[in-house]
Amino acid sequence: MVEVSAPPDAPERVEIADPEPGRRSRSLVEGATRSGVGAALLLVQLKVLYDSTAWLQVAASLIGFYLVVTGLSLLIRAMFGTRVEPATWLSVAWLGVLLVFVFLQLAGLFDNLTADFANREQPPQFSAHEPLGTDRVGKSVMNQAIQGARVSLVVGIGSVGIGLAVGTIVGLVAGYYRGPAEGTFNILTDSILAFPALILLFTIVAIFGGSVLVVTLALSMLSIPTMGRLARANTLTFAAREFVTAARAMGASNGRILFREILPNVALPLASYAVIIVAVVIVAEASLSFLGVGIDPISTPTWGNMISEGRQQSVLKDAPHIVFVPGVLMFLTVLSLNRVGESLRVLWDPRESKL
Amino acid sequence: MLRAIGLKLVRLVPVLIIVSLATSLLIELVPGDPILAIIGMEGDAGDYERIERELGLDQNVFSRYVDWLANIVQGDFGEQITRPGVKVADRLRQTFPVTMQIALMGMVLALLISVPAGAWAAYRAGTRFDRLSSGTAFGIISIPSFLAGLLLVFMFVFHSAIPRYGVLGLGLLWSLWLLGSTWRGRRDGAERALIRVAAAVVVAGLTVWLANKWPSFPRQGFVRWTSDDGRLENLRSAFLPAITVALTEIAVFMRLLRGDMQATLQEDYILSARAKGMPPVRILARDALRPSSFSLITLAGVAFGRLIGGTVIVEAIFRLPGMGDLIVNDGVNTGDFPVVQSGVLILATFYVVLNGAIDISYSYLDPRLRRAR
Numbered sequence: 009m010v011e012v013s014a015p016p017d018a019p020e021r022v023e024i025a026d027p028e029p030g031r032r033s034r035s036l037v038e039g040a041t042r043s044g045v046g047a048a049l050l051l052v053q054l055k056v057l058y059d060s061t062a063w064l065q066v067a068a069s070l071i072g073f074y075l076v077v078t079g080l081s082l083l084i085r086a087m088f089g090t091r092v093e094p095a096t097w098l099s100v101a102w103l104g105v106l107l108v109f110v111f112l113q114l115a116g117l118f119d120n121l122t123a124d125f126a127n128r129e130q131p132p133q134f135s136a137h138e139p140l141g142t143d144r145v146g147k148s149v150m151n152q153a154i155q156g157a158r159v160s161l162v163v164g165i166g167s168v169g170i171g172l173a174v175g176t177i178v179g180l181v182a183g184y185y186r187g188p189a190e191g192t193f194n195i196l197t198d199s200i201l202a203f204p205a206l207i208l209l210f211t212i213v214a215i216f217g218g219s220v221l222v223v224t225l226a227l228s229m230l231s232i233p234t235m236g237r238l239a240r241a242n243t244l245t246f247a248a249r250e251f252v253t254a255a256r257a258m259g260a261s262n263g264r265i266l267f268r269e270i271l272p273n274v275a276l277p278l279a280s281y282a283v284i285i286v287a288v289v290i291v292a293e294a295s296l297s298f299l300g301v302g303i304d305p306i307s308t309p310t311w312g313n314m315i316s317e318g319r320q321q322s323v324l325k326d327a328p329h330i331v332f333v334p335g336v337l338m339f340l341t342v343l344s345l346n347r348v349g350e351s352l353r354v355l356w357d358p359r360e361s362k363l
Numbered sequence: 125m126l127r128a129i130g131l132k133l134v135r136l137v138p139v140l141i142i143v144s145l146a147t148s149l150l151i152e153l154v155p156g157d158p159i160l161a162i163i164g165m166e167g168d169a170g171d172y173e174r175i176e177r178e179l180g181l182d183q184n185v186f187s188r189y190v191d192w193l194a195n196i197v198q199g200d201f202g203e204q205i206t207r208p209g210v211k212v213a214d215r216l217r218q219t220f221p222v223t224m225q226i227a228l229m230g231m232v233l234a235l236l237i238s239v240p241a242g243a244w245a246a247y248r249a250g251t252r253f254d255r256l257s258s259g260t261a262f263g264i265i266s267i268p269s270f271l272a273g274l275l276l277v278f279m280f281v282f283h284s285a286i287p288r289y290g291v292l293g294l295g296l297l298w299s300l301w302l303l304g305s306t307w308r309g310r311r312d313g314a315e316r317a318l319i320r321v322a323a324a325v326v327v328a329g330l331t332v333w334l335a336n337k338w339p340s341f342p343r344q345g346f347v348r349w350t351s352d353d354g355r356l357e358n359l360r361s362a363f364l365p366a367i368t369v370a371l372t373e374i375a376v377f378m379r380l381l382r383g384d385m386q387a388t389l390q391e392d393y394i395l396s397a398r399a400k401g402m403p404p405v406r407i408l409a410r411d412a413l414r415p416s417s418f419s420l421i422t423l424a425g426v427a428f429g430r431l432i433g434g435t436v437i438v439e440a441i442f443r444l445p446g447m448g449d450l451i452v453n454d455g456v457n458t459g460d461f462p463v464v465q466s467g468v469l470i471l472a473t474f475y476v477v478l479n480g481a482i483d484i485s486y487s488y489l490d491p492r493l494r495r496a497r
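The listed protein sequences correspond, in order, to chains A and B. Residues 9 to 363, numbered by the numbering used here, are exactly what the first sequence covers, in order. Residues 125 to 497, numbered by the numbering used here, are exactly what the second sequence covers, in order.
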């Protein structure tokens, strides 16, 4: 499975001396125009079209989004050369923006979640007090969404961190020693993965209650076998390599071979997969909340909790922004994590990218 | 071959035992009490103990598990605790087809769309079609299924003008593009031009017809395949859930097939087929598809297994009476362990058997593996 994200002729376009001097400034101009027009469309969508027909809004936002992204890509290419991948850097930028908001939230901003029943179901409007509108009881959608971002990132990074730590060690041992260790490992991971994931999570949350900690630990139950299998598969290939034989011939202990010879080779590819699994976990956490069995919606707003309001017919019909504001944030976050993970994999996993 | 199947079946046993044992332990820990659900508000402590004894709930988890296992081996799934007299097997028989239908329709839709699109993107690697479809696929992968479901409801149920005009616009654009290609290829001869113009007319006609006859899709109210309302109603009510399920899979399959297919198309025998003047459709379908489809089949199997167990979300959005609904609402929420255990057992068996079947299917796809075994 190889991701060829750049068109095949891209390497030829990496020019050292610019043979066509006008092109750079031309794509600068085009990029700036495109992103400007796109941003303007999005603004118009929010400011003028917020109570017009839905298909106009959807079309305007889609075209605006497309123009902004392609325009920024052109700009990045024109400024930093054709070798950089604009999509990856845009993704990194988005994750950075998200982190900044999360830190601002931790510092005490975006804290206000008081219900204001008089101003409920306000649509997003830039001039208004609440730029992203209010929910069914008049709470600020923006503040909830930012707090939801915090929860998503904590759960995602926390559980994948645990999965990475435990899974790597277990997978290394299983892949290196083979024999009964590997057999047990296979049966255990098969069992966990054969268990319908959502039902497992559902049961764990039903037992221990829906706190951030419980959901994080429950999701790490799922990322441990995934990371473990990857670690085992990678260990298998590296354990057969010459440098391992050489180390053994020099009298290195098993522990030394595992942690000084194999682990450094296995770690980077695993880390790049881990980024993608963070995205999967964020989606899983939101799915739980969406079904109403995740993190408690009253004390902690999460993206999934917010989106689950949309299960009510009236919300989706009359105040779709309650669903789509957290939805778009989540989409962008998952997209960015996937993109960054993919680029890291191409960079760090020589086995896969060679093909 | 038989030996391979036998080995797979042997490996199935410990996995299923662990899964079902883990299920019963988990259910034991869930706070719901099925007896309270039966006796309601009127019963007293005496009733409670009597029912507990009758149902064998006073025994510990392990002896209950052994009882359950002994019954299962004899083909008896037992009765639902919270609804005495209702056989779990009947409930499974009612709900499994619903889940199965959604999963199957989703898979068929996904394969029908992703295989041609992925193959064409590989054949035309680097062109606008490739970049657009690959980019779209990457975006679609990042839409969680519950969000996709709500989005589809929003568009198809509440604002049906969006997909309707969308289809109309795209179809007309396509037909215009076909006309354009007629002009660009005007030296290819009259026959080619005639085919292209005819195709353009057909595409335009079909989209106008479709936009005119746009069906309305219900958000809820699943009509069974066997009901009196007919098959068409059933398909209509299953359409949105199936699309929701298919959406992510389309994108994943497409990316996978495109990558593998691109590698296959570098092979010499493809070049020789091209040199002989084979049309691209034939090359892609007859020569390149089979060797490129290994990862696709593996992934499709895993995805299908996951769909069978993972339609809980789709069932919740569209209120479908499926397996996920049964296990979660009738099972976990009330602590009704026969339901949960039997349901999970079926899902897990399905998952493992499917994966085994895929392993075995490789040797049918690739003769070289047959000899190696």
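Rather than coming from a laboratory, the hints here were simulated on the basis of the structure. Among these hints, one or two may not hold up.
[To be verified] Straight-line C-alpha distance at most 20 angstroms; calculated SDA-like pairs for lysine to any residue:
| # | chain 1 | residue 1 | chain 2 | residue 2 |
| --- | --- | --- | --- | --- |
| 1 | A | 325 | B | 285 |
| 2 | B | 132 | A | 187 |
| 3 | B | 400 | A | 192 |
| 4 | A | 325 | B | 343 |
| 5 | A | 325 | B | 279 |
| 6 | B | 211 | B | 235 |
| 7 | A | 325 | B | 132 |
[Unchecked claim] A short, non-exhaustive set of chain A residues, derived as facing chain B with CB atoms under 8 angstroms:
| # | residue |
| --- | --- |
| 8 | 52 |
| 9 | 128 |
| 10 | 185 |
| 11 | 198 |
| 12 | 214 |
| 13 | 218 |
| 14 | 219 |
| 15 | 221 |
| 16 | 299 |
| 17 | 338 |
| 18 | 339 |
[To be verified] Listed next, with one range per pair, are the computed distances between beta-carbon atoms:
| # | chain 1 | residue 1 | chain 2 | residue 2 | range |
| --- | --- | --- | --- | --- | --- |
| 19 | B | 256 | A | 221 | 27 to 35 angstroms |
| 20 | B | 224 | A | 355 | 40 to 48 angstroms |
| 21 | A | 194 | B | 218 | 48 to 56 angstroms |
| 22 | B | 390 | A | 120 | 19 to 27 angstroms |
| 23 | A | 355 | B | 138 | 23 to 31 angstroms |
| 24 | A | 100 | B | 301 | 31 to 39 angstroms |
Predicted model only: the values in this text are computed from it and were never measured. Just so you know, even glycine gets a beta-carbon here, dropped at the ideal spot from N, CA and C.
Report task. Could you check if residue 219/A really has its C-beta closer than 8 angstroms to a C-beta on chain B? Result -> Status violated, d = 15 angstroms.
Query - Hint check: 8 angstroms Cβ-Cβ cutoff, residue 299/A to chain B - result: This hint holds: residue 299/A lies near chain B, its Cβ roughly 6 angstroms from the closest one there, short of 8 angstroms.
**Report entry** Restraint check for residue 132/B with residue 187/A, where alpha carbons must lie at most 20 angstroms apart
**Finding:** holds (18 angstroms)
Requested in this report: Verify the proposed pairing of residue 400/B with residue 192/A, using a straight-line Cα cut of 20 angstroms.
Outcome: violated (54 angstroms)
Query raised in the report: Does the alpha-carbon distance linking residue 325/A and residue 132/B stay inside the 20 angstroms limit?
Result: Between residue 325/A and residue 132/B the Cα gap is close to 50 angstroms, so the pair fails against 20 angstroms, i.e. violated.
Query - Minimum beta-carbon distance criterion (8 angstroms), residue 185/A to chain B - result: violated (20 angstroms)
Query raised in the report: If you draw a straight line from the CA of residue 325/A to the CA of residue 279/B, is it 20 angstroms or shorter?
Result: Roughly 10 angstroms separates the two Cα atoms, so the pair holds.
Query - When the least beta-carbon distance from residue 338/A to chain B is tested against 8 angstroms, hint result - result: holds (7 angstroms)
**Report entry** Given pair status - residue 235/B, residue 211/B, alpha carbons within 20 angstroms
**Finding:** At roughly 36 angstroms apart (the allowed maximum being 20 angstroms), residue 235/B and residue 211/B break the hint.
Query raised in the report: So does residue 100/A sit 31 to 39 angstroms from residue 301/B, Cβ to Cβ?
Result: holds (36 angstroms)
Query - residue 325/A paired with residue 343/B [C-alpha distance capped at 20 angstroms] - result: Cα-Cα ~12 angstroms, so holds.
Query - Holds or violated: residue 325/A to residue 285/B, with C-alpha atoms at most 20 angstroms apart - result: holds (14 angstroms)
This entry does not satisfy hints 3, 6, 7, 8, 9, 10, 13, 14, 15, 19, 21, 22, 23, going by the numbered hints stated previously.
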